[in-house]
Amino acid sequence: MNEPISILELVLNASIVVQIVMAILVMASLVSWVLIFQRAFLLSSVKRLATNFENEFWSGQDLRAIFLEIENSETEIIGIEHLFQAGFKEFTRSKQQYGNQAERIMQNVQRAMRVALAREEERLEGALAFLATVGSTSPYIGLFGTVWGIMNSFRGLAMSNQASLSVVAPGISEALIATAIGLFAAIPAVIAYNRYSAQVEVMMNRFETFSDEFSAILNRSIADS
Amino acid sequence: MLKQFIAPLLLAVGFHGLIIGLFLIEWPQEEVLRVADAPLYISAALVARDVPEQKVSQQKNSKPANSKPVVVPPMLKPKPKADQKEKVVKPVAPIVTEPPPPPVPIKSVKREPLAQDQAIAALMAAVTEEIGRQAVTNDEQILAYIGQVQRDIVSRWSRPPSARNGMEAVLRVRLVPTGEVVDVGVEQSSGNEAFDRSALLAVERSARFQVPSDPKLFENNFRSFTVLFRPEDLLL
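So the sequence lines, in the order shown, correspond to chains Y and F. Each residue of the first sequence is one higher than the one before, counting from 1 in the numbering used here. Each residue of the second sequence is one higher than the one before, counting from 1001 in the numbering used here.
For reference, chain F alone in the conformation it holds in the complex (with noise of 0.2 Å):
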């Protein structure tokens, strides 16, 4: 009679055993998963280049100013590593008002009031190395403003969670005298059509840009150019 319940019972208690077991192996795994945290802050760079057809400016600034880049603002980097964690760390984006400019970062630029100095000061400092003797007194007037519309377009630009790092969209500007938006359109996309979105977002809600009121400025950098959007401190 009891015989005939030890083969169920051994099937039983095995059962039993298998199914605890795969509870408690299968733990450490999700535990793997989970790693993976919120990032907590996101930067990006945000670049914008100056458009090609600036032929009042190759006037201004002597033949090679169409080759040789006149402004070249460099990329800011803003990996504070030191306050990473405490804040979300809004990236200051250069304008470059030549094509092709080698970017070159400037690395420890802070939100702080005082840091945004530093890092202007910085950018401009690099800048005026690059240019050298060829500066011109009016390129930092220009750059200041070139950096006011920067951090303007990058406190309103959020990325969509699709922005992956090394993506790039390129946006054509238009401006009129006040400084207002009249035109903004995708030149180069980055192939993400959410990133396109959230950068044209970020120009049309800036809406108004401080530009120079000296009209010949305003003409040669601002009536229209371009902004080169590119995420660089994502996760991703």
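Chain Y extracted, bound-state conformation (with noise of 0.2 Å):
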């Protein structure tokens, strides 16, 4: 009687719907961190990539020896150098068919790079979607499982002669697992939506001053040919 009730026999006793609950909170919990880690590791590796990339870029180097070096590596092309492969790869092509009209080869391109900037956002913000989700509706969904405890647990004193705080005390305890989990899950998911979501933002003004530049570039390249 005096033992502390641990909280893995709490979980195990809980009623269906607690328990479903509880579930449903530990797995949002868990694909919020699985996205956590994720994105983590996608934002900076977009990022060092970025960097790596600008410094190529405004070294001077020619860019078709840039442009081809990117086609041939193996790896994913993500972020700013999928932006530009976008912008090169359709410039040859509308130069090839316009020759030098300028103002269509410039459209061309710029909807080109419009295009993979959407792309890129759209990678880039995948998962935020749903840690704002996990980190909006847990509580909610923690609470639920709480309340539901708490009722049953009033009801179990109803019917019971003696009333203790021994009656529904472990009902209530076993409740508030549920709200526990709920902000578990919660918390980190609206930290990392916040702070993702800033670094996504910062991410998409370079991309598009990259883009509005390297079309200054190529538009000016057209002139002078």
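Quick caveat, the hints were computed from the structure, so don't treat them as lab data. The beta carbon of each residue, even a glycine, is placed where N, CA and C say it ideally should be. A couple of the hints might just be wrong.
[Unchecked claim] Short, incomplete list of chain F residues facing chain Y, as computed with Cβ under 7 Å:
hint: 1; residue: F1005
hint: 2; residue: P1008
hint: 3; residue: L1009
hint: 4; residue: L1011
hint: 5; residue: A1012
hint: 6; residue: F1015
hint: 7; residue: H1016
hint: 8; residue: F1023
hint: 9; residue: L1024
[As the list claims (entries may be wrong)] Just a sample of chain F residues kept apart from chain Y, beta carbon distances all over 10 Å, derived:
hint: 10; residue: V1013
hint: 11; residue: I1019
hint: 12; residue: N1138
hint: 13; residue: E1140
hint: 14; residue: Q1141
hint: 15; residue: V1176
hint: 16; residue: V1182
hint: 17; residue: E1187
hint: 18; residue: R1208
hint: 19; residue: S1213
hint: 20; residue: P1215
hint: 21; residue: R1223
Given two chains presented individually in distinct reference frames, assemble the corresponding complex, making use of the accompanying hints.
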């Protein structure tokens, strides 16, 4: 009787609804952490790539050489390299087709880069919606489990002849675990969401700036030729 | 595409496993902490000693009275093992009428009336043994009064939580012939202020003791006496 009840015991003895709620929350927490780690890796690699690429790009190297290097690399083309590749590919194709019609070429190039930009944004923001959902709903899911558990333990209290704290306490304790798990899932998700969406915004600004600069360079090269 | 999720998945699973593990592992420690339960009873012995300034008794009790204990009353250790759990056992405090009496613990004192009689009888017996032939008829009478005073004080003594076994506070109590307390002060502090105060309060709450109506007995034994407060049965 005086033995403390272990959390494991509480979870195992919880009613089925509360257990389902807990399972959902643990899954949500697990998935959101997978995404948190995956986003962290992705964002850091995109950032690193962008820095490296911009250094290379502004070093005055031949654009065609850079393009070939990117095309031939075995790794997936992401981030700023994707923008450059899409823009340059479209530029060479349109140039063959339209010759010196600078306006048409630039329209196509800009359209191609806009598409690449949209793809990249999609890639970077991919999981953020899920993190936002977990962050905003898992406290409510946990709260639902808690309310359900407390409801049941008060029903138990009404049915038992001896109303004592020890009749309701385990039920309430068990129910509160659901809220705890909900908060446990929500807090990292919210923090990660805020952090990553800020980072994605910074990245997107950088990409847009780059695509403007790049199209300016291409435009100049048409005018020169 | 799937490859980039493997490392995050492993990290996330590891992270959750770690947290769940922490929860499951830390519980046994808490169990250990819970072992110490609230004490079921607290008891203590109270010893009172008489003042050294008892010049009169010397004359009365023949010379060696000062060096030999006239009344030696050993402390009663209220530790009836049998009914410890059932109730709080109040200690009976012995009073010593002469300075430093070797405390002889008498066991098996119970609070039930019958047991109390036994206890007093046991106390008497012990005392009689101690003083042997020197026993004065009046001593028994005095002892009964002393026992009464002890019980009065002990029943009103509530020890502070900071009280520990081995603390000793000596209080000097002065009475008027009607038995009322006119003055009480700490003669030797236990070092713990709360403990001293609880002892003072116990005497102050008693307010009035039963004292012998014989003025001689009163003057010799109750005009001014010291009481030793010494908890013995605390858990700490």
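### Query
Any of the earlier hints contradicted here, and which numbers?
10, 11
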